[in-house]
Each structure stands twice: as C-alpha cells, then as structure tokens.
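Novice: Chain residues, written in single-letter form:
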Amino acid sequence: MDADLLAGLAAALAPVSLGMIVLGLTIGVVAGALPGVTMLNAVVLVLPFTYLMGIAPSLLLLSSIYAGGVFGGSITGILFNIPGDPMSVPTTWEGYPLNRQGHVRLALGMAIMSSALGGFASALLLALAAPPFARVALSFSTAEYFAVVLFGMASVVVLGSRSIVSAAIALFAGIVLGSIGTDSQYGVTRLDFGIPILRDGIDFVVVLIGLFAVGEILDQLAGGGEAPAPVDGRVEGRAALPSLRQLWPYRWSLLRGSAVGTTIGLIPGAGATVSSFVSYGVERQFAREPERFGKGSLEGLTAAESSVNASTGGAMIPLLTLGIPGSGATAVMMGAFLLHGVQPGPLLFRNNALDVYTIFSGFLLANVLMIGIGLLAARVFASLMRIPAGVLGALICALCVVGAFALRNNMADVWLTMLFGVVGFVMRRYDLPVPPLVLGLILGPLGEQYFLTTMVSNANDLTVFVRRPVSAALVVLSIALLAWPALQRHLAGRRPAS
Amino acid sequence: MVGSLVGPVLLVAAAALLWVAAGDIPIVPVPGQLGPDFWPRLGVAGLAVLSGVKIVQVVRGRGRREAAGGNGGRADGEAVDRRRVTLAVVLLFAYTALLPVAGFVLATPIFLALFMRVGRYRRPATVGLSAVAATLVLLYLFVKVVYVPLPRGQGPLLDATVWIYHRLGLF
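So the protein sequences, as listed, match chains G and E.
For the first sequence, position 373 (counting from the first letter as 1) is numbered 373 according to the working numbering, and the numbering increases by one without interruption.
For the second sequence, position 62 (counting from the first letter as 1) is numbered 62 according to the working numbering, and the numbering increases by one without interruption.
No wet-lab data here; the hints were simulated from the structure.
Just so we're clear, the structure is a prediction, and the values are computed from it rather than from any experiment.
Note that CB positions come from ideal geometry on N, CA and C, so glycine has one too.
Treat the hints with caution; some may be incorrect.
Computed, partial: chain E to chain G, Cβ under 8 Å [to be verified]:
1. Val9
2. Leu11
3. Pro26
4. Pro29
5. Val44
6. Gly119
7. Arg120
8. Leu138
Covered by chain G, per the in silico footprint, the following chain E stretches (three or more residues, Cβ under 8 Å) [what the hints assert, rightly or not]:
9. 45 to 56
10. 90 to 99
Computed from the model, here is a short list of chain G residues facing chain E with C-beta under 10 Å [said to hold, decoys possible]:
11. Pro48
12. Leu52
13. Phe140
14. Leu191
15. Asp192
16. Phe193
17. Trp248
18. Leu395
19. Trp415
20. Leu419
21. Pro445
Using the sequences provided together with the hints, build the complete structure.
Specialist: Following this line, the structure appears as structure tokens:
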C-alpha cells in the first residue's frame, strides 16, 4: 500500500494534476462563496469538461471543487454576514461578530486553517481506512450490498430533511425514475410510454443539472432574482494565518470538529450541513465559555469549520469502497467514474489502484493548497461579489444547456434538463427536498440489481438479509434510523410539560 | 390547505397512471424470479402510499406545520414572482427549441441577453458584451477544446454559423 500511495503522490504532484487541484479549489471556493451558486452547481457544471480527461485528473478536479466549495461560503459569511451555503451558517454566527469586533483577519485565518486541518485529517483517514475497508467489502455478497443501499436510503430520508414523509416521497419518485428505460437484467423496456428518449433511461447527470442548477436559478428568480446585498460597504478581506501558539488553545475544538465531520460524512445523506450544525452544537457543550457562542466564539468557529471540510473525506469512503454515493457531490463524482467506464467499488482498488491513490494524494494536497487559495480568495472576493445575479443566472443556464447536450450530443437531454429544472423549482416551492430524489435515481437501480440477484440466489427467501451478520446489522440500523424520529416524538409527548 | 393538497393528490394520480403502465411491461414468467415489473411497482406503490400519508398529514394539519418548520421549501411563506418565473421558463424552453434551428452561436447571445433582462439586469452595454463574450467562450471551450459538435442550425442559419466558425478559426 505504501508503494501505491507513493506512486499516487508522485502522480498527484505532476503539473497537470496540481493544475487540476488548484483550478478545482479556485472554482469551488468562488462557487461556495457566491450566494446563489452552490458547490454542487459547480461540480455539476464542470462535469462535461472532464470527458476528455483521464479518470484521475477528472476526480482531482471534482474533489478539489468539493473541498474548496464547502469552505468558500465561510468567506462571505465572515466578511458580509452572507453565508454562501447553508453549511457556512454556524461559521457566520461566530465569524461575522468577530469581524464587527475588528478581528476579521483572525476570523478568516482561523476559518482557513480549521478548514484545511479538518479536511487534511479526513483525507488522511480516507487514504488509510479506505483500502482495508475495500478489502473487507470484497467479501460482501449482494445481500450486504443491498443492505448498504437500504441503509443509504434510510439515512437520506431521515437525515436529509425535516419531513421524513416528504423526503421519502422524493426518494420513491427517484426510484421510479430510475426504473424507466431498458431493464439491465431482463432486457425489457419499462415505463417509457413509447417515447424514444425514455427507452435508454434517464441519465442522472441530466437530472442533477436540471434539479440543482436550473431549478436553483428559477427559485432565485421567483424570490426576486437579486443577490443579497452586503451588510456594510467594508471589503477588508485580508486574512492573517494564526500561529501555532494561537491555534493551540483550540486543538480540542479542531479535533472534535474533525471527528464529528468525518463520522457524519460517512453517513449517506447527512453531509456537510448536518455536520457543521452538529459539530457546533457539540462544541457548545464542551466550550469553556459557552456564553460567547453567537458573539464571536473562536471555539465555535473552529469546530464548525473543521467539521465541514472533514465531512468531505468521510463522504468519499462509501463512494470509493462500495460504489455508493451519499451526497449530491459524490453522486456527480460517481457520474465521472461511470463516464470513464470505471465502476467505483472495492474492485477499484485492484483494477485502478494508481488512479485511486492519485485521488487520495491529490485530496491531501488539495487541503494543504487550500490555505493559499483561501488567503487569495478572501482578498479578491469583494470584487466577485459585484457580479449581478441576473448575469450569473443567465450564464449558468447557458452552461447547463451545453453541459446537458455534451452528455450524448443529443437535444433530448437538453429538453429533459429543462423539464427537471422546472421539477426542481416546483419541489423547492412545495417543500419536497431535492437530494433524496437524485439519490433514489442513483441508488434505485443499484438496489434493484442487488435485491433481485439476492432473491434469485436464495429462492426468494427474504430472511437472507437477517441471516448474514453484516446485512442484519445494517437492516436493523436502517429500521432504527427510520423509527427514531417517531420514537423521539413519542418520548417528547410523554414528558411532563415544564 | 387546498393548495398544500394539490401536490400529493397529483402524485397519487401519477402513481395510479404508472401502476397501470407497469402492467404493460412485457413479462416472460420465469419460475423463482420476481420479474422486471417488480421493482417499478414497488417504487410506484411506495410513492402512492407516502403521498396518501402526506394527504392525511395535510388534512390533519401536520403537513402545514412541517412545512413551516422548514424543509428548505417555501410553500406557505415567501411570495413567488410568477411572471418572472413564467418568463424564464418560456425563455428556457424557447431557447431549447431554437437551438437546432438557429444554431448555438446565433441563439445563445439572444437567450443570454433576454435572460439577463428577466433577471432584472438592464445595462445594455454590459448585457450585450457579456452575452457575446460568454457565447464565444462556451463555443471555443466546447467546440475547440472538448470537441462537442454544438448545434449549428439549419438552412441559411447553418451557413451563417459555418461562416462564423471559419472567422473564429473553429474549422
């Protein structure tokens, strides 16, 4: 493994790879920071450009956007009280008060360092834990794989939204969409209504572009179409990196944030937003001065910021080792793997070892280079904030059209993108969460394949899922996860009113 | 409450339609196998049942409370600028329809300029300049770098596109 990691590091240090990392970080930080443009938008929009690249440069670009994107929103949060993404809200709660108190450089510097350290810790875990986990996964049968998919679906439903029913509706809608087209096991056409473009099925990248990019633009236009204005006119964006002495008092906050972020990142559907809020809440319990929270607490800022970036490494573990994406960004990365004819999963470590270790090493490097990119971005960001929302929206829509067309050089994909753009807008307006639909579309066909294969091999005996220890544990976890909110409500109802 | 019921009721109707459509899936019965219609039917049944649960929740008032609790949705809160969204959707679909006829290089600047206007940006010089510049950047990136044959149009518009491609050194 060491030799593989060294070879991967050498490949990641090649000029092309480094270029992809720097480009990805820059795009990610900018997209994450611009209100109205999310890191996920950026990952989706860049996907068509990866067609002509190799698998490693493509994944380096996408994973760097992911790492940079989850950090970017904190810059505008600290500078202008405008979090670029929901995951940056806890950082904004502490960073902006620090800015108002005249500590903007320290707040930006601490945010950059916390992000880089949290991301680096999770990247290290990814590099060390993923290969042995993949070796274990090689012994999994289809029953275990189905149980993993089931657990992924359950956690997406429970953790991805406050309304379990709405999230489950979106998930099942995704499962139905995923079953449209020619069935891979029986070779028959399903639910195509005689429409030729549906015969090949619906490409999930088309759905991603429509739901997340076009839907988001329409949603912004519906709400007025203007980016929120900065609270005041100050554009002081110079960050001062904290010294080791300044960082030392916050070592436990950093460790807790990184641990919470990596663990939550592993759970499909949870992601960076959940990890930042959980980590912030946990830190408040441990804080020496909890009363400072909300008034400029560096403990809160470092914990939230380190957990956001730590979640990225955790989220890549199920994708690379099991071939199961747990978030929108990792779903796009799965799309990149598939576009290059590579199936992510345990065999990836055997068949594409160099590519995998290049991605690991590149992800480690990305979190180091993010310090420099973050410092630069904080300085130049004031000018980027001046791009009018109307101009940005139009450019993104044009890019969506070209990106959808480039998938198969087919206008049908552009029509589907537009259709899903409207669907995404309606879902946002009618309280249906979007990510479960996408994950249903991706996990649905996987679940079908594993379930039907398991049934054929076990004479349709459903008890196979509870007779095997790993699948039994995952099935029990899934049921517990689904039952937990109801149990919580029940317990809260029994508690006497204070 | 009626407004909140429209979505789940439509989903139940869609699920009924899909259930019927799933009956048309050609099945050659194989002993011991669940068949190609099993999974879509499972998905459709789940969709119908959960939409039914949502209807019950809305009727009992819980769906409304959940929506107010925040799911990222704004069904009951923020006002929607319907005119602007309708214009944007019409523009997007018109652009999609126009692309194969007029070609990317001719249709895109017009779309960009109009969409910026819908997005409340009205400085003519910036609109014109950024629309043309963005079209050229996308054209160069996708045609020259990524080798994607973007739509070139038909008839005289195809001739115009080819002329522009020659002038830009794309051919």
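Novice: Decide, hint by hint, whether the structure agrees.
Specialist: Outcome of the hint check:
no.	hint	result
1	Val9	violated (12 Å)
2	Leu11	holds (7 Å)
3	Pro26	holds (5 Å)
4	Pro29	violated (11 Å)
5	Val44	holds (6 Å)
6	Gly119	holds (3 Å)
7	Arg120	holds (5 Å)
8	Leu138	holds (6 Å)
9	45 to 56	holds (count 6)
10	90 to 99	holds (count 5)
11	Pro48	holds (7 Å)
12	Leu52	holds (6 Å)
13	Phe140	violated (21 Å)
14	Leu191	holds (5 Å)
15	Asp192	holds (9 Å)
16	Phe193	holds (7 Å)
17	Trp248	violated (38 Å)
18	Leu395	holds (5 Å)
19	Trp415	holds (6 Å)
20	Leu419	holds (9 Å)
21	Pro445	holds (8 Å)
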